[in-house]
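Engineer: Listed below, chain by chain, are the residues.
2 protein chains.
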Amino acid sequence: MRIAILAIGDELLNGDQVDTNTTAIARLLAQDGYRVRESVAVGDPIEDIVVALQRLAREYDVILVTGGLGPTEDDRTAQAAARAFGRLLCLNDDALVQIRERFTVWGRPMHPRNEKQALLPARSSVLANRRGTAPGFRMIIGEDTALFFFPGVPSEMLPMLEEHTLPWLQQNDQDPTPETRRRFTVYGLPEPEVEARLDRANLPEEVALAYAVELPFVQVKLQAMGSNADRLVDQAELRARQALGDAIVSFGDETLAAVTTRLLITNELSLALAESCTGGMIAQQITDQPGASAILERSAVTYANSAKQDWLGVPAEILEGVGAVSEECAIAMAEGIRAAAGTRIGLAVTGIAGPTGGTPEKPVGTVFMAMVTGTEQRVERFCFSGDRQQVRIRTTCAALDWLRRLALQELASTTESTLTR
Amino acid sequence: MRIAILAIGDELLNGDQVDTNTTAIARLLAQDGYRVRESVAVGDPIEDIVVALQRLAREYDVILVTGGLGPTEDDRTAQAAARAFGRLLCLNDDALVQIRERFTVWGRPMHPRNEKQALLPARSSVLANRRGTAPGFRMIIGEDTALFFFPGVPSEMLPMLEEHTLPWLQQNDQDPTPETRRRFTVYGLPEPEVEARLDRANLPEEVALAYAVELPFVQVKLQAMGSNADRLVDQAELRARQALGDAIVSFGDETLAAVTTRLLITNELSLALAESCTGGMIAQQITDQPGASAILERSAVTYANSAKQDWLGVPAEILEGVGAVSEECAIAMAEGIRAAAGTRIGLAVTGIAGPTGGTPEKPVGTVFMAMVTGTEQRVERFCFSGDRQQVRIRTTCAALDWLRRLALQELASTTESTLTR
Chain A
1 MRIAILAIGD ELLNGDQVDT NTTAIARLLA QDGYRVRESV AVGDPIEDIV VALQRLAREY
61 DVILVTGGLG PTEDDRTAQA AARAFGRLLC LNDDALVQIR ERFTVWGRPM HPRNEKQALL
121 PARSSVLANR RGTAPGFRMI IGEDTALFFF PGVPSEMLPM LEEHTLPWLQ QNDQDPTPET
181 RRRFTVYGLP EPEVEARLDR ANLPEEVALA YAVELPFVQV KLQAMGSNAD RLVDQAELRA
241 RQALGDAIVS FGDETLAAVT TRLLITNELS LALAESCTGG MIAQQITDQP GASAILERSA
301 VTYANSAKQD WLGVPAEILE GVGAVSEECA IAMAEGIRAA AGTRIGLAVT GIAGPTGGTP
361 EKPVGTVFMA MVTGTEQRVE RFCFSGDRQQ VRIRTTCAAL DWLRRLALQE LASTTESTLT
421 R
Chain B
1 MRIAILAIGD ELLNGDQVDT NTTAIARLLA QDGYRVRESV AVGDPIEDIV VALQRLAREY
61 DVILVTGGLG PTEDDRTAQA AARAFGRLLC LNDDALVQIR ERFTVWGRPM HPRNEKQALL
121 PARSSVLANR RGTAPGFRMI IGEDTALFFF PGVPSEMLPM LEEHTLPWLQ QNDQDPTPET
181 RRRFTVYGLP EPEVEARLDR ANLPEEVALA YAVELPFVQV KLQAMGSNAD RLVDQAELRA
241 RQALGDAIVS FGDETLAAVT TRLLITNELS LALAESCTGG MIAQQITDQP GASAILERSA
301 VTYANSAKQD WLGVPAEILE GVGAVSEECA IAMAEGIRAA AGTRIGLAVT GIAGPTGGTP
361 EKPVGTVFMA MVTGTEQRVE RFCFSGDRQQ VRIRTTCAAL DWLRRLALQE LASTTESTLT
421 R
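Protein chains in written order, with this note's numbering: chain A, 1 to 421; chain B, 1 to 421.
Chain A on its own, in the form it takes in the complex:
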């Protein structure tokens, strides 16, 4: 079954609105094993809608159309559908009843303009909308091309899709191909390296691989079709794990911050942060996670040197000597915050996010990161590329990854000691 989506509205083509409907529809369909082959957006001009509808009806079996069913003049989808397929536009009694019911439920008088929403192409089936005034409709063109029309409001459209389209697809598509999709996130390896490693990892041939870069991450998607898709993807996942190891941050939608916070909580690793160039971004990402208060004791955003001395006890000699952006300062900050907070881990970053402040020896993007735990000390100099925002994000991700790996180590050693006991 070849499926396409058509989204209608000037706002989708003038930069005012991101088309999230298409993604939401595609996701819902994918859950049931249906794939979208093409998605199109056109504006409000009726001739543009007519041309798009005609072409898609020629090329696809099912077309899901959103938008342009409202009561105002710039909503022309029903009219365009009638014209595209040579049907009359008629007042549909079922639709009118539904619109009236909606206003009764809301206890509001119906505006005369809303009657326009009951004007549908002849021989359409009305699709009930329990959340808004615009009824949807279905048209069957020729032998077996089905067009579903929905309002553009996501909270109305998605339940209608679930209620009307998914059952129809299941009935009319005798043999939807089972499909298994999974994705995971890799950090710390460039995309070509990820691909090279997976190439050598002997993943089952039937599993399709796709890559997407969302800096500083590489997203890898595994996909298989057919009755044993699940097993194949399981196998592929196992081999990918072996090939990439700890560089895999998470499976599914979990973010690096979520994984890290979860692992810190599980291992009861208390944490204090001292942030200079990231200005609170690391703390912010960790505290985005529910339950973060169990492990984050405090964080110091020490932009000024006085704060570094005052709260973290960074010696004046360091600040006046090698300066605040230095290995020495990062270590002193990490030790200082750990001591002040009395936590297991102290982590500190200091660097130059730009756009100004760089020098030949320490250009913009230079960041020193230090992590101390009482038994261990780690410190590193990074040279991140990109603008201020990117340097800050890369620094934050590197910090979260250090914490993640520390928690994984802890987990491994705890498990080991449990096993040997």
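Honestly, I wouldn't trust all of these hints.
[As the list claims (entries may be wrong)] EDC-like cross-link-like pairs, simulated, lysine to aspartate or glutamate; straight-line CA separation at most 20 Å: (1) B:221 x B:206; (2) B:221 x A:74; (3) B:221 x A:380; (4) B:116 x A:199; (5) A:116 x A:144; (6) B:362 x B:376; (7) B:221 x B:237; (8) B:221 x B:173; (9) B:116 x B:144; (10) B:116 x A:193; (11) B:116 x B:93; (12) B:221 x A:44; (13) B:362 x B:335; (14) B:221 x B:254; (15) A:221 x B:195; (16) A:362 x A:380; (17) A:362 x A:376; (18) A:221 x B:73; (19) B:221 x A:199; (20) A:221 x B:74; (21) B:221 x B:288; (22) B:221 x A:10; (23) B:221 x B:195.
[Claimed, not checked] Distance ranges between label pairs, derived from CB positions: (24) B:115 x A:315: 46 to 56 Å; (25) B:112 x A:172: 41 to 51 Å; (26) A:380 x B:115: 49 to 59 Å; (27) B:20 x A:172: 27 to 37 Å; (28) B:219 x A:317: 18 to 28 Å; (29) A:97 x B:54: 44 to 54 Å.
If you are wondering where the hints come from, they were derived from the structure by calculation, not from laboratory data.
Each residue gets a CB set at the ideal place from its N, CA and C atoms; glycine is no exception.
Start from chain A and add chain B according to the hints.
Structural biologist: Only chain B this time, still in chain A's reference frame:
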């Protein structure tokens, strides 16, 4: 000039990723008076890309293509473009030089796979990419159909579009319709109130108004066409300013955080923050702005009570009595951070972001905010709706807005005292 956009990638059609590129391109074009007639997304199968390219090249004058220029096997756009228009795929020397330069700048070895990114259709012009490895390219088909190919990474694609496509459009399109669009951001008034005020404000009829809610903000768009579009929008803007006053946060793309930081810097208002429930988000947003170090002395993320006592000197009686989420604690935190940092302003927030921690008296969403300046003290209890993330964002916006209004007051009084002097 008929313009279309083609976005390429399975992730756009399986629900994994929202296509924000198309919106961003359309917005950039609209600023220069160009409108997009159609946008299309297809997946990675090469035949789908070929068919879409051929159709769009028949129907449009300019096609902007994004995605599928990466180094991995599922990046097939250049190959599809060659096939669609019967050209050979050749190693482009200019492109190769650019890719190599990129790796030299980064100080990293070039992976052999990146060479693939220099394979372009014959007779293409290379479009430099100063931010990533994938060069773009331009193809001219037949008399005057131009196709521009860009990588899908927004931070690479958008600057390339500005650098390569906009000047080309200006040279090749003699007569774009003048259009003026402007938008502004309102904070602190609900959408119907904004609309009602603007309805009464007598804006020129020729100016179209559109509203979009991006919680907690209302975006208002003004748009006019024709030769005096600029003057009309100027007039509309003036009346909107009168109708909405300080509730207008900014014109154009400037964010609340950017406006606030700019105003604090202009007025030399030094700041220290104490954040509990926002966990660093306020500091993070301020330090996102270049130059923030001029005004932000430090910020304390005091998640634990010990940190509140230790760094901010919040008395134990408050913490044990009314508790950390209280007016008293917010004031003590603001006074404490101001004293510790020696700044003009101390601002503190303490609250319950959820999902747990709420009580009947202080449900999730309860936030106390305090701001002290030495001469003034402001404190308020908020009850924000929404989930953890939304409560944190609403709190951050409220804090930034307090700082913005304080800086505006300061600006007004300085101007006044200068005038009376």
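Engineer: Would you mind marking each hint as holding or not holding in the structure?
Structural biologist: Checked hints:
no., hint, result
1, B:221 x B:206, "holds (13 Å)"
2, B:221 x A:74, "holds (17 Å)"
3, B:221 x A:380, "violated (47 Å)"
4, B:116 x A:199, "holds (16 Å)"
5, A:116 x A:144, "violated (28 Å)"
6, B:362 x B:376, "violated (27 Å)"
7, B:221 x B:237, "holds (10 Å)"
8, B:221 x B:173, "violated (26 Å)"
9, B:116 x B:144, "violated (28 Å)"
10, B:116 x A:193, "holds (14 Å)"
11, B:116 x B:93, "holds (12 Å)"
12, B:221 x A:44, "holds (18 Å)"
13, B:362 x B:335, "violated (23 Å)"
14, B:221 x B:254, "holds (14 Å)"
15, A:221 x B:195, "violated (45 Å)"
16, A:362 x A:380, "holds (14 Å)"
17, A:362 x A:376, "violated (27 Å)"
18, A:221 x B:73, "holds (13 Å)"
19, B:221 x A:199, "violated (50 Å)"
20, A:221 x B:74, "holds (11 Å)"
21, B:221 x B:288, "violated (26 Å)"
22, B:221 x A:10, "holds (14 Å)"
23, B:221 x B:195, "holds (12 Å)"
24, B:115 x A:315: 46 to 56 Å, "holds (50 Å)"
25, B:112 x A:172: 41 to 51 Å, "holds (48 Å)"
26, A:380 x B:115: 49 to 59 Å, "violated (31 Å)"
27, B:20 x A:172: 27 to 37 Å, "holds (33 Å)"
28, B:219 x A:317: 18 to 28 Å, "violated (51 Å)"
29, A:97 x B:54: 44 to 54 Å, "holds (46 Å)"
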